[in-house]
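Protein chains: 2
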Amino acid sequence: MLSNILLKISYDGTNYSGFQIQPNAPTIQACLEDALSFLAKERIRVTAAGRTDAGVHAKGQVVNFKSRISVPIEKLPVALNSILPPDIRVEMAQLVEDSFHARYSAIEKTYSYQVYQAPIQSCFLRLYSLWVSNPIDWEKVEQAGKMLIGKHDFKGFAATGSSVQTSVRTMKDFQIKKEGRLTTMYFTADGFLYHMVRNIVGTLLEIGTHKRSTSDIALILERKDRSLAGPTAPPQGLFLESVLYLLS
Amino acid sequence: MLSNILLKISYDGTNYSGFQIQPNAPTIQACLEDALSFLAKERIRVTAAGRTDAGVHAKGQVVNFKSRISVPIEKLPVALNSILPPDIRVEMAQLVEDSFHARYSAIEKTYSYQVYQAPIQSCFLRLYSLWVSNPIDWEKVEQAGKMLIGKHDFKGFAATGSSVQTSVRTMKDFQIKKEGRLTTMYFTADGFLYHMVRNIVGTLLEIGTHKRSTSDIALILERKDRSLAGPTAPPQGLFLESVLYLLS
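Heads up: the sequence lines are chains U and A, in that order.
For the first sequence, the residue numbers in numbering that gives the first Met the number 0 are 0 to 247.
For the second sequence, the residue numbers in numbering that gives the first Met the number 0 are 0 to 247.
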């Protein structure tokens with residue numbers, strides 16, 4: 000019987016050229032499909048909720064695949080983790096309805112972005128955060144970030160040239176959590192455009208370091224012009240935190 | 000003028016064969032001495048408070064060296080960090096008395112050891128903790144760890160064959176801090192024998208997983224027999240946290 004199987008996975012993206020499979024480069028998808036194909040004794044293709052870029056991490060990526068795999072679903076995480084490299088872990092496996100699609104069935108995603116603010120870079124956080132040596136006014140960042148909440152055309156924060164049907168998304172929540180010098184920003188939306196979180200972060204950090212004002216957020220949303228927004232923040236601070244589905 | 004200079008450094012030990020210089024292997028000492036020698040325009044040798052093993056990390060390693068280096072002391076961290084690889088950072092530089100010796104002048108050191116307890120290994124903590132899938136009774140570990148406090152002959156917890164004058168050390172403090180599934184044990188002593196923390200951790204974890212009883216600590220201290228203690232815990236959980244000096 001052909002089963003539709005959902006996997007929740009986490010990965011340290013440092014050593015990968017992103018999620019999506021490509022020739023002559025290590026990818027999360029290739030590792031995962033190789034491990035699954037080995038266990039299933041047939042070629043498996045997976046579909047992911049979000050195709051993270053090179054260097055981007057995931058704590059709660061979700062993929063699905065259809066297979067006649069004979070390994071019992073409850074044993075799948077342990078079986079896969081024994082084959083996968085240690086920087087990719089399968090956290091959970093679950094049988095889902097035939098119609099479930101990791102990308103199209105998702106109703107909400109949360110990304111986080113870590114910033115380490117200190118005069119000297121941290122050797123332990125260098126691969127998992129953006130280092131900023133200048134002081135950051137996090138109250139200003141929070142104020143600006145909250146302005147993103149709601150249904151907006153986020154075209155001004157998307158990579159130029161992205162070909163999506165609509166750039167209207169609903170930002171449902173923006174939160175900041177501080178732990179000493181490490182600050183994490185959480186973005187929850189019904190969907191994200193290409194480079195959207197990293198472009199927002201680049202803009203918010205310019206606001207937090209007084210290079211621009213909070214009102215720029217409204218301007219960028221209104222004008223829908225990428226050139227008005229800040230730089231794309233580097234990949235290593237970004238984490239796909241979780242994906243929400245309505246599962247029956 | 001020949002200055003005696005103290006550096007406080009941190010490093011991610013993952014990609015190094017330990018602190019101490021050795022031929023044909025990457026070491027913290029070689030990186031540091033190369034960077035210093037480049038800046039000082041003379042060959043520099045450093046002395047470290049503790050020579051950490053391959054894979055062991057440091058948040059507060061201390062080294063000293065004597066040099067006629069012309070870079071002002073307050074500019075030394077930034078100058079060195081611009082040359083050093085990103086997994087080694089100089090946190091602070093300070094002029095010290097001529098008699099100061101990073102190893103012999105130390106009066107107290109603190110090491111920490113991180114344990115990640117969960118059914119599935121963490122892809123983000125794999126290089127910075129020991130993963131234990133079985134539940135751990137941390138109250139038992141704390142109880143056993145506190146029995147180490149005081150002046151004892153720690154020979155039973157030292158690597159066999161270590162040639163030190165005396166294996167008597169004073170454990171000044173033992174603390175446990177929990178943050179979700181990550182637990183950190185802190186050991187403070189006037190000195191540590193080779194592999195002492197890792198052998199203690201290996202023993203404490205056997206106590207915490209009910210493979211042996213807390214009373215084994217007293218037995219190992221009394222019998223001074225390495226074969227009675229637990230296995231050497233792996234290096235990646237170990238951090239040299241700090242070194243204490245009486246500086247005038």
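For the record, the hints were derived by calculation from the structure and aren't laboratory data.
Note that CB positions come from ideal geometry on N, CA and C, so glycine has one too.
Just so you know, not all the hints are guaranteed correct.
[Stated by the list, open to error] Non-contacting residues of chain A with respect to chain U, defined by C-beta distances greater than 10 Å in every case (computed): (1) 9; (2) 123; (3) 141.
[Claimed, not checked] Distance condition first, Cα-Cα at most 30 Å in a straight line; then the derived DSSO-like pairs of lysine-lysine: (4) U/7 - A/177; (5) A/176 - U/58; (6) A/139 - A/223; (7) U/58 - A/177; (8) A/223 - U/176; (9) A/223 - U/177; (10) U/7 - U/177; (11) U/176 - A/177; (12) U/176 - A/176; (13) U/139 - A/139; (14) A/74 - U/210.
These are the hints, each one checked on the structure:
Non-interface call for residue 9 of chain A relative to chain U: violated, since the shortest CB-CB distance, roughly 5 Å, does not exceed 10 Å. The Cβ of residue 123 of chain A does not lie farther than 10 Å from every Cβ of chain U; its closest approach is about 6 Å, which violates its non-interface assignment. The beta carbon of residue 141 of chain A sits about 24 Å from the closest Cβ of chain U, which is more than 10 Å, so the claim that it is off the interface holds. As the CA atoms of residue 7 of chain U and residue 177 of chain A are separated by approximately 26 Å, the hinted pair is consistent with the 30 Å bound.
With a CA separation close to 24 Å, the supplied pair residue 176 of chain A and residue 58 of chain U stays within the 30 Å bound. Of the supplied pair hints, the one linking residue 139 of chain A and residue 223 of chain A holds, its CA atoms being roughly 22 Å apart against a limit of 30 Å. About 21 Å separates the Cα atoms of residue 58 of chain U and residue 177 of chain A, which keeps this hinted pair within 30 Å; it holds. Distance restraint check for residue 223 of chain A and residue 176 of chain U: the Cα-Cα separation of roughly 48 Å exceeds the 30 Å cut-off, and the hinted pair is therefore not satisfied.
Note on residue 223 of chain A and residue 177 of chain U: the hinted pairing is violated, with a Cα-Cα distance of about 46 Å set against a maximum of 30 Å. Between residue 7 of chain U and residue 177 of chain U the CA atoms are separated by roughly 27 Å; this keeps the pair inside 30 Å, and the hint holds. Distance hint between residue 176 of chain U and residue 177 of chain A is fulfilled; the C-alpha atoms sit about 19 Å from each other, no more than 30 Å. This hinted pair checks out: residue 176 of chain U and residue 176 of chain A have alpha carbons roughly 20 Å apart, not beyond 30 Å.
Restraint check for residue 139 of chain U and residue 139 of chain A: the C-alpha separation of about 46 Å exceeds 30 Å, so the hint is violated. With a C-alpha separation of about 27 Å, the suggested pair residue 74 of chain A and residue 210 of chain U falls inside the 30 Å cut-off, and the hint holds.
The structure is inconsistent with the numbered hints 1, 2, 8, 9, 13, although it conforms to all the rest.
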